[in-house]
Amino acid sequence: MRLARSRGCPADHRKGQAVNRCYRETAGEYEVDNMAGNKRSHVRGSSGGSCKYVTLATLLWSLLLAGHVSAQQSVAEREAARVETIRRITPSVVCVMAPNGEGGGSGVLISADGYAISNYHVTSGSGSFMKCGLSNGKLYDSVIVGIDPTGDVALIQLQGRTDFEFAQPGDSDQVRVGDEVMALGNPFLLASDFSPTVTFGIVSGIHRYQYPANTFLEYTDCIQIDASINPGNSGGPLFDIQGRWIGINGRASFEKRGRVNSGAAYAISVNQVQLFIESLKSGLIVDHGVTEFTVETVEGEVIVSQVSELSEAWRRGLRPGAQIISFAGRVVTSANDFQNIVGIFPEGTRLALTWRDKAGQHEATIRLRPLHAFQKAPTLPEERKDGPKPDGHPESPEEEQGGPTAPEPLPDALTKLFVERDGFCNFYFNELQQKRLLDPLRSRVASMGNYQAGWKISFAASGGETPLTGELTVGPAAAGLKLNGAPYLQNSNEPDASEEPSQLPGFLTSMIQLKRLLAGQNGGFTEQLAMGRTLHLPLRKPVDILVTREGARTCRWYFSEGSELPVAVDVEYGQAIDEARLILDDWADRGGIVFPGRIGVISGEKEELTWLTVGEVSSK
Amino acid sequence: MRLTAVVFVFLFVMGFIDSNDTLSVVAQEIARPTDVIKTQQPVIVKLFGAGVGNLDSYGTGILVSPEGHVLTVWNHLISTGFLTAVTFDGRRFPVDVVGTSKDHDAALLKLKTEPGEVFPFVDLKKSIDPEVGTSIYAFSNMFRVAAGNEPVSVVHGVLAAKVPLEATQGRWVFPMTTPVWLIDAITNNSGATGGLVTDLQGVPIGLIGREIRHASSRTWVNYAVPLTTLSPVVESLRSGKSVPSEAKQASADVVMLSDQQLTSRFGLTMLPSVVERTPAFVDDVVRGSVAQKAGLQRSDLIVLVNDTVITSVTDFQQQLAAFRPGQRVSLTINRDQELKLMELRIP
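Just so you know, the protein sequences line up as chains V and E, in that order. Counting from 1, one number per residue, gives the positions in the first sequence under my numbering. Counting from 1001, one number per residue, gives the positions in the second sequence under my numbering.
Derived by calculation from the structure, the hints in this document are not laboratory data. Since this is a predicted model, take the numbers as computed values, not measurements. We put the CB at the ideal spot given by N, CA and C, even for glycine. A portion of the hints provided could be inaccurate.
Okay, the calculated beta carbon distance ranges per label pair [said to hold, decoys possible]:
no., chain 1, residue 1, chain 2, residue 2, range
1, V, Glu309, E, Asp1089, 27 to 37 Å
2, V, Pro381, E, Ala1321, 29 to 39 Å
3, E, Pro1175, V, Phe216, 42 to 52 Å
4, E, Thr1039, V, Ala76, 25 to 35 Å
5, V, Thr354, E, Leu1301, 52 to 62 Å
6, E, Thr1168, V, Pro212, 35 to 45 Å
7, V, Phe216, E, Thr1168, 39 to 49 Å
8, E, Val1309, V, Val298, 48 to 58 Å
9, V, Thr294, E, Arg1298, 31 to 41 Å
10, E, Thr1168, V, Pro411, 52 to 62 Å
11, V, Ser560, E, Lys1126, 57 to 67 Å
Construct the complete structure from the given sequences, taking the supplied hints into account.
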């Protein structure tokens, strides 16, 4: 039986209700039909005017009709603009399927070379390769690139073209409740020619937090919409009414109706996705972060409840009872707010924190620690994997007869794009990014002298309370420093934090690591990987991250756009001590090697920056 | 563009002279959705109470007076008591039930506040009955998506019809005989009950109804009770008057004490009668009430009233209604698998 639930409202075509929805319910199966809206005049005149107002009413009535015509024009214009926008954005929408054509969801192209974003719960069932259909009706072989299991995001790359049409991202922080939005994707895998389904709605809520319900999938700071989202929509793009990509539709509140639209669906904000894209392009299993302290809402204030005594936050002076004012530049008014902010950043991101305690207001930067540290792509419970079948959608006749067909063997050109390695989603892409970062460095360094030899470097600093003068020696197994006459010696194999100068903690260890990086052949590092992009603090510029590891030492080398050599490095060299944070500036050929002319050292509770001016450099 | 402006000015004048409908049609071109929604969200409260079976422990209400009166649907959430309301700014308030109207399926609550506290509210006298086809917003605490000071969810849709509703929830039958709004938006969701429907200018239209199914089609009905119907009901409940029943004959057939009478007279709250044979469990006993004096406690199961076997909450309410004030009645209750006898004086 059918229950018609709506009638047309021509006065509001601009709100997209020209299309009626009718739901048909039969034995637990749901279909969504579309019917053309009935066009009927909505505006009615004031038929019951009193006699003495008849003349006035007639005059007004004629004006009213004129007004109606003009309103209709604006409705028609809006509709035409919407149709044009949909035509423009449609080619970027992807239908994502397993290699044998089973299951499936949606995605969105983000670059001409075929990178596309989808949901992790869509790609996780497909293995390393998938088939992607576009609105031109063509199928493209695709490979998994990187995954963000917690954020439910996956990056894939479509092969075979370098001129894919792709979506233009908007700024999801500018999205407001009530904004009109369009969701494009493949609900119920309706289109055999891969032309996406468009559903329309409004933004129902912003900065929503959705708990990881029985899984690790956690939607933080997401956009709630009332546009219809159904199985198969997952991974597809949410656009604003101007056609700017603002989110990835991935989750909905399903309840008594089964897994079909309930008017409450959630999109991962494009701003969150953007923070992860470069990490995903590096073939990683990207992790989200946690702070080493917890907060709770107490009478409208966000209060620190616990702080790990081994944490950076503790060393910066954060204690239980302090009130959090802002985090990552956003004002925090509830524990949910705080969770929303933490949740949108990849693990390892350094963020600015402002808090207040009895002593006053304080500011510091702290690094997010890994949340899950997955070594392998985690598995999802069956019901979390996407696909229209469990929802009673009729199977296609082919499937009913023959069942899923065995996938064809993949061509070599495709299989070489996937390299399996523990801790990575697809190591092939990490190597690609490492090459991108390191090739310019290698060619810059190769033209210069001998990096295997020992370095002798003099420097001075005049900005601080006491002027510093130093003589640094870096050899293959140790680094020595004479700082204002006092000697320091740091071993390269098992560094001892107590051997570092208190004015420049971590400086010696960092110089040993720098020498290794420039010396080449992986510098003897036990591990080296590209890590994505972040906003460097305090430089406040986007930088690409190369991580090197040697024993307990982890270095994050930061490369900014157009710089062959790192602009900064953070070196972790011990438990429960601050990492050494150096800014490497004014690189030039000095005394036979390439070396910075200025080194900024960030240290102390106030994260003060001390600039060392490099004098004589020699390499023998 | 200029013509539209001129027409608007004329219509604005005419709107005062005659029809509100025409006014709202043109104004739809002017109001910004974001602004309208922002101004509406502070009048919604999130309600939290006790769930029963698979019924939710949360819902929605609308502030209808500056003193903190809240209008909502009279569903299990209200009957179970222990209600807390969370206002738009994240403050939590305990809640009193001021009155209920069975015929309108409505309940009026009052936030327990410091004297002199002023809340943003919906002026029910300004509520309208627009034409079918009018676009609407529906605000609610659906799925408990918003917590604390977070703004409630808003969905959009169209007023699809205004018709009498035949609908049920288990054995319970929707009591209203006057027409309600059917909405082309999914408002039949967990926790949405008691939410607000407005037009695109924020003018109040309806109170989002229960999670019920249509009696014949068995589909989930998205409906709202017109606020024009509820406005006088709220007035009566606020002034302490009873609400005249639309179905006097039906209610005359069976005499029974209402949940509210049980609470106010006896100090007794029973498990809400959500199914036909809901066992007569005591849910709460007011300190110092006749129920407490008789010895009743939470979780007691009423087994006998005098010598009559009690089969359900409704049965109990009917039995008690047969006695006159001052009479003494013996109650047999089951407490922790042990039968106890006690005496209750009818107040």
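Now the hints, each set against the structure:
1. Take Glu309 of chain V and Asp1089 of chain E: their Cβ atoms lie about 35 Å apart, and the range 27 to 37 Å holds.
2. Remark: the range hint 29 to 39 Å for Pro381 of chain V to Ala1321 of chain E is contradicted by a beta-carbon distance near 52 Å.
3. Distance hint check: the CB atoms of Pro1175 of chain E and Phe216 of chain V are about 46 Å apart, consistent with the given range 42 to 52 Å.
4. The hint said 25 to 35 Å for the Cβ distance between Thr1039 of chain E and Ala76 of chain V, and at roughly 30 Å that hint holds.
5. Distance hint check for Thr354 of chain V and Leu1301 of chain E: the Cβ-Cβ separation is about 57 Å, which falls inside the suggested range of 52 to 62 Å.
6. The hinted range of 35 to 45 Å is satisfied by Thr1168 of chain E and Pro212 of chain V, whose Cβ atoms lie roughly 36 Å apart.
7. The supplied range of 39 to 49 Å is met by Phe216 of chain V and Thr1168 of chain E, whose beta-carbon atoms lie about 41 Å from each other.
8. Our hint of 48 to 58 Å for Val1309 of chain E and Val298 of chain V holds, since their Cβ atoms are close to 52 Å apart.
9. The beta-carbon spacing between Thr294 of chain V and Arg1298 of chain E, approximately 35 Å, falls within the hinted interval of 31 to 41 Å.
10. As the Cβ distance of Thr1168 of chain E to Pro411 of chain V is approximately 60 Å, the hint placing it in 52 to 62 Å holds.
11. Range check, Ser560 of chain V to Lys1126 of chain E: about 58 Å between beta-carbon atoms, so the 57 to 67 Å window is met.
Comparing the model with each numbered hint stated earlier shows that hint 2 is the single one that does not hold.
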